[in-house]
Amino acid sequence: MSAKLKLTVWIAAMMLLLSVITLAFVIWVDETGLVDDPAERLVKTVLDNEKNFEYERGAIDWDEVDFFTRGVYCAFYDESGTLLRGLTVDELKPADVPFSEHDLQSIVVDEDEFFIYDAHLEISGNTMIWLRGIVPANDDSGAAHTVTIMTLMLLPFLLIISIGGGWLIAKGVFAPIEKITRTANSISDGDDLTLRIALKKGPSEMMALSDTFDGMFDRLERSFKAEKQFTSDASHELRTPITVIRASCDRALRKDLTREDFMKTIGVIDEQANHMSSLVNHLLALTRLQQGTERYALAEGDLSELVREACVDYMPEQKRGITLVTDISDGVTAKFNTPLMASLVQNLLQNAYRYGRASGHIWLSLKTVDGKAVLSVRDDGIGIAPEDQDKIWLRFWQADLSRGENVGNGLGLSLVKEIAELHSGSVSLDSALGKGSTFTVTI
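Residues in the sequence shown are numbered from 1 upward in steps of one, following the working numbering.
Any given hint could turn out to be false.
Unchecked claim - Straight-line Cα separation of at most 30 angstroms, BS3-like style, residue types lysine-lysine; simulated pairs:
#, residue 1, residue 2
1, Lys6, Lys51
2, Lys179, Lys200
3, Lys435, Lys372
4, Lys367, Lys435
5, Lys391, Lys335
6, Lys335, Lys264
7, Lys417, Lys391
8, Lys179, Lys6
9, Lys417, Lys335
If you are wondering where the hints come from, they were derived from the structure by calculation, not from laboratory data.
Please model the complete structure; the sequences and the hints are all you need to start from.
Structure follows, in structure tokens:
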């Protein structure tokens with residue numbers, strides 16, 4: 001049995017039980033007379049009419065009198081017993097039961113018992129009239145009986161409404177779950193990881209559950225894409241250094257006869273191994289950033305000090321004669337992750353050095369602009385053509401593949417972009433072919 005049907009059956013069973021208990025209680029109260037008593041109704045009605053009775057300017061205000069209410073008959077008589085106005089029981093005449101003020105009397109007529117209650121009213125001077133109320137002893141016009149009748153009429157409708165409402169509520173509650181199930185099965189059965197539940201309406205709990213599943217599907221899609229990207233990148237980019245290492249080993253085994261030849265081959269292998277290590281480390285770092293599998297804590301800190309230390313730690317080869325010029329303002333603070341931010345700075349410096357002009361300059365500045373930390377790295381190197389400027393953030397794209405030993409693995413700027421975005425920041429490029437490039441990171 002589905003949860004929806006279980007919920008509906010449970011609501012129906014509870015409403016049926018409640019109806020039976022309520023009806024049984026009302027019938028018991030009605031039969032035992034705990035709530036309603038004809039004699040009490042008679043006395044109350046006569047006293048109410050006595051209280052509301054008005055005689056003004058020689059006339060009785062009959063509009064204020066209830067001649068019949070809740071099974072009680074009321075009539076007015078003069079002193080001789082002549083009916084003035086009102087309703088009475090045909091079987092009973094005033095002579096049958098003498099008037100007796102505020103005295104509850106009873107009489108049996110043809111096996112039917114009646115209760116009688118009288119009140120003596122003064123209308124003018126010594127002129128008096130009688131108010132008589134009569135009610136059958138077995139009268140069932142009281143509240144308890146009315147409630148019983150209404151209960152018998154209303155409970156079936158309440159039961160139907162409850163069952164129907166329970167079914168509709170259950171259907172509305174579980175419809176999103178069915179949609180979640182269908183979407184999850186579609187994703188599981190096919191290759192389309194872009195499917196989403198995208199629940200537009202429903203209970204707040206189901207909306208939250210839908211958003212949670214969509215978030216999970218987003219992470220699954222990113223993880224799947226990252227895995228495919230990593231596998232593709234690793235298999236493609238590692239193929240060359242592995243081929244070089246294998247070829248060098250084969251050469252060393254077959255042709256390297258002298259120590260000098262052997263050491264030269266070892267140097268090639270070491271260089272390719274370092275390149276592979278750097279490539280793998282960059283790939284892993286980039287994949288973790290894009291996939292969000294690691295939590296990088298951000299803390300308020302002195303960004304000026306970090307950038308200074310990153311500039312000192314980065315020591316380019318002096319043989320190209322490139323000079324690093326820094327302009328770092330004191331007291332620039334931001335929320336950042338120290339290792340990632342240091343990597344961002346060093347990747348920008350490496351990129352500037354790699355594509356900078358020999359005997360040229362790299363200018364690095366850090367300052368605060370409109371409450372934001374702005375880091376700028378400028379070089380006077382080869383620059384980037386306008387049509388290529390959107391490509392620099394792609395993995396493995398390189399502006400100039402003819403730089404020989406200085407060429408990198410094409411992942412540095414991708415890392416810079418991911419690190420900047422992780423810090424809720426951005427990175428931009430201003431470059432002209434043959435005049436150099438300026439990278440600006442805003443945190």
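Now for the hints, and whether the structure bears them out:
Between Lys6 and Lys51, the direct Cα distance comes to roughly 58 angstroms. Violation of the 30 angstroms bound is thereby established for this hinted pair. A threshold of 30 angstroms between alpha carbons decides the hint, and for Lys179 with Lys200 the separation of about 12 angstroms falls inside it, so the pair holds. For the proposed pair Lys435 and Lys372, the alpha carbon gap of about 28 angstroms is at most 30 angstroms, so the pair holds. Proximity of Lys367 to Lys435 is assessed by CA-CA distance (about 24 angstroms); at most 30 angstroms being required, the pair is judged to hold.
The suggested pairing of Lys391 with Lys335 holds, with an alpha-carbon distance near 29 angstroms, which does not exceed 30 angstroms. Pair hint Lys335 plus Lys264 does not hold up; C-alpha atoms about 47 angstroms apart against a cutoff of 30 angstroms. For a cut-off of 30 angstroms, the pair hint linking Lys417 to Lys391 stands: about 12 angstroms separates their Cα positions. Proposed proximity of Lys179 and Lys6 is supported: the alpha carbons are some 19 angstroms apart, at most 30 angstroms.
Of the pairs offered as hints, the one joining Lys417 and Lys335 holds, with about 17 angstroms between alpha carbons and a cut-off of 30 angstroms not exceeded.
Checked against the numbered hints given earlier, this structure breaks hints 1, 6; the rest are met.
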